[in-house]
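Sequence order for the protein chains is A and B. Under the UniProt record's numbering, think of the first position of the first sequence as 1, with each following residue one higher. Under the UniProt record's numbering, think of the first position of the second sequence as 1, with each following residue one higher.
Rather than coming from a laboratory, the hints here were simulated on the basis of the structure. Keep in mind that the hints are not guaranteed to be accurate.
Copies of one chain are not kept apart here, so a pair can be met inside one copy or by any two copies together.
To be verified - Below, in silico cross-link-like pairs of lysine-lysine (DSBU-like), each with a Cα-Cα straight-line distance of 30 Å or less: (1) Lys227 x Lys104; (2) Lys24 x Lys10; (3) Lys10 x Lys142; (4) Lys24 x Lys204; (5) Lys227 x Lys142; (6) Lys10 x Lys127; (7) Lys10 x Lys140.
Model, not experiment: these values are computed from the prediction.
2 protein chains.
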Amino acid sequence: MSSSATAPWKQLLLNSINANSHLKHSSYFQLATVGSNGRPSNRTVVFRSVFIISSYSKFRDFIIFIVGFLSSFFFLVFGRGFQDGTDKIQINTDSRSRKIEDLKHCPFAEVCWYFTETWEQFRIHGKVDMIDASNSEPDKLKQREAAWFAGSVRSRLQYLGSTPGLPSLDEQPLHGSLDPSAGPVDAFCLLVLDPEQVDYLNLKSNERLTFSNGRSVSGENFWTQNKINP
Amino acid sequence: MSSSATAPWKQLLLNSINANSHLKHSSYFQLATVGSNGRPSNRTVVFRSVFIISSYSKFRDFIIFIVGFLSSFFFLVFGRGFQDGTDKIQINTDSRSRKIEDLKHCPFAEVCWYFTETWEQFRIHGKVDMIDASNSEPDKLKQREAAWFAGSVRSRLQYLGSTPGLPSLDEQPLHGSLDPSAGPVDAFCLLVLDPEQVDYLNLKSNERLTFSNGRSVSGENFWTQNKINP
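Could you put together the complete structure from these sequences and hints?
Written out as C-alpha cells, the structure reads:
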C-alpha cells in the first residue's frame, strides 16, 4: 500500500486516453446510476464536450471538424473533461433526462471506461454534484457557463429539443438556431463526479489496482493505492 | 405503438453486432448492478465467451486463433451469447466476483452497449439468474456446463486464479493446466439476463425506441414498441 496527495490514477487515465485516442470509443464511457425503484441504469456519456450530431450543412461540418480538432488538442494538453485541473470529471447532460431523477434519489455514480487498444479498464466511483440553472452558488454557475461555451454551438442545440424519453408524437423538427454568444439554456445541466474510489485493471499485464480517497486527521485529502487480484 | 411475440430489438442488435464486428469494442458491453450499500457498480463484460488472456505459447496462440475464428463464425450464424435461440443474454463470470454479491442483493442489471461505427446504443434492462455449481435444477446445470465448454480452454484458466478483488499478496503465479475435458470448476458461474425493457438509440437517424416485455391475459409473453424523444 502507498499513499499520495494527488490522484495517482489520473495520469494513468490520461495516458490511456492518449494511447487510445485514434479509436472513437476512447472518448466515451458508461455511467451507471441507481433509479428511484432501486434498480440500476446505464448509459454512454461523452468525455469531451464536443459531440457531433448528424444532418448539417457541409460548411458547418467543416467548422465543427476544425473545432473538434482544436478541442482534441486542448484536451490532450489541458485534460479537458476534468474540472479546473482537479480529478473531478465533468459531464454535460439534459436536466430533463432520467439520470437526473436517478441522481436525486441516489447521488452516487460509477463510470466504466474500457480502452480496447491497451486492454485497460477504469471504474471510477464517486458522488455527483448536479449544477443546473437553479443552483445558488455563483462559482458553480460559472463552471456551468464555462462548460456550455466549451461545447460546440451544434452540441448545444440538443438542449433545445423535446423532452428526452417522452413519447415522440411527430417527426423530430430541426432544433432551430441558437445565438453562439447566448448563455446556457434551462435544460443544460453540468454533472461533476468527485471520485472516491478507482478500480484499474490492465489485462495485458494482468494487474489490478484500487485507489481510495481518504481524509487525514489534519483534514487533507489523500489517496491510498493497493494491488489486488485481477 | 406496436406489439409482437418475438423480441423485435434482437434483430436490431444482431445487425449492429454484425455491422461493427471489425471493431474489437463491439463484443464488449458494460453491465451495471446495485451493491448492498445501494450504490451503482459498473464493469466491462464480454459477449462472446472466447476471451483471450496474454502470455502463452505460440502453438496455443495458433489454436486459440482458430477456435476464436470458428466461434466468430458460429456467433454470426447462431447468435451465440444469446441462450438457445431465446432473447436471454448469457454472461460468464467468477462466482467470487463482487457482481455476484451485488446480484444477490438486487437481481436486476442494465447492459449498456454502444456501437461506435453505427452510432447505436442498446440499454438492456432485466432480471439476472445466477447459475453456479450449487444450482438444484439439472437443466440449468446443463446450460452452465455448455457455457463452460463453449469457452476456450485458455479462458477457463482464469477461474483457477486467486479470488478477484482480494489483496494481491505475491506475484501472480501461472494458473497451471486444465484438462480440456473436465467440467466447470466451482468458481465458474453463468449469468442469464432476461430482458424486460430495451432502450435503443440511433444517433445517425436521431431515433429512439423503447421495447417493453409484457404478459397477455392468456399468459403469453409479448413485446410492445414505442418511439420516444432522443
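Quiz prompt | Same-copy or cross-copy closeness of Lys24 to Lys10 [CA-CA at most 30 Å] | solution = Result: close both inside a copy and across copies, 20 Å intra and 25 Å inter.
Self-check item: Up to 30 Å CA-CA - Lys142 versus Lys227, copy category
Solution: neither (39 Å within a copy, 36 Å between copies)
Practice problem: If the cutoff is 30 Å on CA atoms, where do Lys10 and Lys142 land: within, between, both or neither? Let me know, please. | Solution: Only inside one copy: Lys10 and Lys142 sit 24 Å apart there, 44 Å across copies, limit 30 Å.
Quiz item: Should Lys24 paired with Lys204 be assigned to within, between, both, or neither, using CA atoms and 30 Å as the limit?
Solution: both (21 Å within a copy, 15 Å between copies)
Quiz item: Taking 30 Å as the upper bound on the Cα-Cα distance, should Lys227 and Lys104 be classified as within, between, both, or neither?
Solution: So Lys227 and Lys104 pass the 30 Å test across copies only (26 Å; inside, 34 Å).
Quiz item: Can you tell me if Lys10 and Lys140 fall within 30 Å by alpha carbon in one copy, between copies, both or neither?
Solution: within (23 Å within a copy, 43 Å between copies)
Self-check item: Identical-chain pair category, Lys10 with Lys127, by Cα at 30 Å
Solution: within (17 Å within a copy, 35 Å between copies)
Violated hint for the displayed structure: number 5, the only one.
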